[in-house]
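J.: One-letter residues, chain by chain:
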Amino acid sequence: MRNPRHRFPISPPAFLLPWLVGVFMLAGLPLTATILLSCAQWDGVDFSSATWVGVRHYQELTTVEATSDPAQNQPWSWALLGGKPRDALFVRSMTNSLNFACLATPLSLTVALFLAILLNARLAGMTAFRSLAYLPHVLGGVATILIWSWVFNPTFGPVNVTIRFAYDLIDPIVRIFNDRGTVDWLLPGWLTSETWCMPAVVCMHAWTAGASVFVFLAALQGTDPDAHGAALIDGASRWRRFWLITLPQLTPAILFNLVTGLVASMQSFNYSYLLYNRAQNDGLLFVVLHIYRSAFEPPYRLGYASAMACLLFVILLAFTALTFASSKRWVHYAS
Amino acid sequence: MQAESKRTILRYGLLVLATSMLAAPLLAALLVAVMPIEQVYALPANLVPERVDWRNFTDAATRLPFLRFIANSFVVSVSAVIGAVLTSAMAGYAFARLHWKGKHAYVAVLIASLVIPAQILLIPQFLLFSSLGWINTYKPLIVPAWLGGGAFNVFLFWQFFRTIPRDFDDAAKLDGASHWIILTRVMIPMAMPVTATVALLSFVYHWQDFQKPLIYLSDFRTYPVALGLRMYQATSGSWINLVIAASLIALLPVLVVFIIAQHHIGPANAALALGDANERDDD
Amino acid sequence: MRYLAWATVGTLICFWLFADTVKHYSPHQRNPNELRFSHFGTYQDYETWAQLISAFEREYPGVTISQEYVVGWYGLYDRKLRQQYLANSEPHLALVQAISFHALANQFAPLPVPTDTELSPLEPYAMDNVAMQLYRKDNAQLAMPVTGGNLLIYYNKKCFARASALRGAPLALPSDNWTMDEFESTARALTCDFDNDGKLDQFAFWQPRWVYYLPFVWSFGADVLDESGEQWLFCGEAASTAIDFYRRMRVQPNRYSPDPTEVSQIIQDVGFITGRTAMCVNGPWFMPTLNATIDQDEYGVADIPSWKGQRQTRVTWDGIAASRRLSPSELANAMKFIAFVGSPEGQRVLTRSARAIPARISEQKWFADEHRNKPAAHFIDALSYSRPEPQSDQFRVIDRILNQHLSEFVTPTNTMAAAELLSQLAADPAIAPLNRSTDKSKPGN
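Protein chains in written order, with this note's numbering: chain A, -13 to 321; chain B, 35 to 317; chain C, 0 to 444.
For the record, the hints were derived by calculation from the structure and aren't laboratory data.
Beta carbons are placed, not taken as given, at the ideal position from N, Cα and C, and that holds for glycine.
Heads up, some of the hints might be wrong.
[Stated by the list, open to error] Straight line, CA to CA, 20 angstroms or less: simulated SDA-like cross-link-like pairs of lysine to any residue:
| hint | chain 1 | residue 1 | chain 2 | residue 2 |
| --- | --- | --- | --- | --- |
| 1 | C | K198 | C | E236 |
| 2 | B | K137 | A | F10 |
| 3 | B | K137 | A | G14 |
| 4 | C | K198 | A | L67 |
| 5 | A | K70 | C | V396 |
| 6 | B | K173 | C | V8 |
| 7 | A | K70 | A | C88 |
| 8 | C | K156 | C | V8 |
| 9 | B | K173 | C | T10 |
| 10 | B | K135 | A | T53 |
| 11 | A | K70 | C | R399 |
[What the hints assert, rightly or not] Computed, partial: chain C to chain A, Cβ under 8 angstroms:
| hint | residue |
| --- | --- |
| 12 | A102 |
| 13 | S383 |
| 14 | R386 |
[As the list claims (entries may be wrong)] Distance windows between CB atoms, simulated:
| hint | chain 1 | residue 1 | chain 2 | residue 2 | range |
| --- | --- | --- | --- | --- | --- |
| 15 | B | L48 | A | P61 | 37 to 43 angstroms |
| 16 | C | R135 | A | F310 | 44 to 50 angstroms |
| 17 | B | E84 | C | R187 | 19 to 25 angstroms |
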């Protein structure tokens, strides 16, 4: 028997070359560059004007100042940080992205799980339904975002027209209790309102949940039928059976979707870029758009933008690590 | 068995409800896309067109050089898809079948590269491509696809190749086939579902990619369709019926590619599309 | 044979990959007779510029201009230009908005002073003086104004007729010498609930963004920034009057402006076109959209109302600039193009559709005659009381902060006094650096 040490060549196979070049040129090198750039002050045009500033950008991003504003005027993030952040817009954009990630991901997962359970049956026409469920995911992108911005148009869009229609339907009943009926009832401003823009975008995102459906479907098809049998004998109800047996077996798939979903939605750029308008008062300014603008709009702070990008990276890493660390408590791996 | 059939009816009912919820925005879009502009903004607002005006679609396609945008998108997407499938299959094959010293470290790098957000690399990548003089060309959009085609696709191929019994490549090896022959003649055909999945996902990704063309392309004649749509929104946002008609035109090729890919992925292997492009959807 | 094939394929790939790279690093190999010109705007603007370029190429057969149309408005366009300067791939010639000029000025070549008769495209006395001044920095003329636009009030005659019918008394159309008080009373009469359902169906006025309110602020005698663009001036009695007027416009009772949920901001034009809003503030660039959707006799253009006999409005100019990294022969060709753009012929091509007004004084007269008895002529007349906004790097920041504070200010529950809002604004961390004239804010990193 030959010694395995001598069996393998030292150099990686040529097949790996394209990927290796890619990892080095498009990930390793840029990552290092971003970290270096984040410690420099540079307007981006003239290399000679670049100066080394060390961790000053990070200090600026994380400094919190005392504030004299009354507490009720402050966003919750300030209370959490214990004062007014020096770069309030960065904190605002980070909060927006976190809000989006924490609302959109669980909602998408719930929708996907619900769809997967419905689709998990051997019935005629299931293939067609599966294709339909997956379709929105494939169709996502600029075109769909434009379509959604019409759907949420506050005056003429289908959503508000439908709500208005529903108001008119119940108007006679409401008039029994109040003279003005539903006339003064609110129609959400959706993308033209600071409060409603986030729910609108979360809905758009949940629509594209198709891909996770298939992860869940695969997991559902892999669930252990014997366990079901055992529970059936014990006379457990369908709901209890799902809760006690199916769901625990799905937890690895949930973990996978949760991590990829959270990381992806924190990086979301298109919604913010395409749907941004002044009426939202920065309610839809995601951190990624803020980074992009800081780099390419006056006063062109490329180094500062890089520092924000690095902070985002660290937060994402922490996010992922935390999810995995906590997974031991709730993820059930089949032995 | 009456309870069972009741449940089946319930399931179908819920499925129809859910899929019609998914289809509703597209239907609403179709309705506004055939409305004349006065009717779109008539008050009280109505959703159903009084008369259908298909000319919006031809207007949308001719008011801007929209067909050119679609052609541009095809050039970029198709050349990127070929590279992505080929190079990620190569890397996947290397991870699944070949051995070399320090392979574990390479595996670790592969996993790590899954987590790096694209945003953090944006500025230096821009500086890199601009120092190569590649601004206002398609190279920054195509070349990265030929360099591994994305960690996720490598991962997919690797996992699928592992499940193919070694007997197949051993037989080919006995016939004196090289790794290249084994990969292209044996492995990729056997891995058709995953190949179709990778091709679909990277086609969709490049078709929808918005940020990179936004940064790297200057002249509107080179714009892909995603940017062309943005242009529509920016310059004639008031003609929402045309903007939506253009959006629907832009969705059509994706739909066709999806149907073709679906055929190759096959219903049995649909689960393989655990290929979650979520991860790449918005970057 | 097989190796030969591989070598050919390899060479081709290398050529495809690196031909541009070689070209990028050898500027002397660039053909000085091929210039790139970048501009922004609508598709109509693209077509207008294409016309101008072909006219230029007929005039100067040796020189070709490749037109790079960057889609969308200045935010997007400025970022794109910036990215191009960052990548050393900027166009030879670029159209710049006066408001973005300040931040990009270092990148432009000074245009030759008029004494170099051979090269100079500039005829300083031929161009609108205010516009010329906008593109001067440190005694150098860095761009030449091309076209511009000022803000006036558009009114929809149908809305006046509808309001007259409801009120049972004819409502006069805006006169050229109307005052703020007349504006306010007309606006109140125009705001109607036709079907008596308690909801307003027709609003009198809509101004989509803060900058569109500037004409009012200025007419009330207030100012936001001083001329240097570095000192905050938005305080005092005049500012309070302007702010109170703004609040009366939007807050009950007797409000006459819709809130954003009532008329979508995204599709700002539509409120006017559909007659939901009777009047709006806008520039000449609104006319092509209007002419395509409603009849030319159905709308009119009126002056900004006056306050104590004073009125002012905001004018913006687009200018054309050349990159400072051009070779002498490229610069010479660039000057030919700039001169052509400023020539009577070029000016007429660019402003024939009345999307903008010409910067050349003689052509302003031509423009007014050409569009006599049409709303377009009014914009030329209004140049007499138009002035540009002071240039500042902080333009976008100020715009954002003002929008934020003001939209909070006009919420129905807000009881803050105008003076209080003004001091709150001045104390905002983004504004505060502008509030101490001694402490010049340093350029960022």
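J.: Mind listing which of the numbered hints don't hold for this structure, in increasing order?
T.: 1, 4, 7, 8, 10, 13, 14, 16, 17
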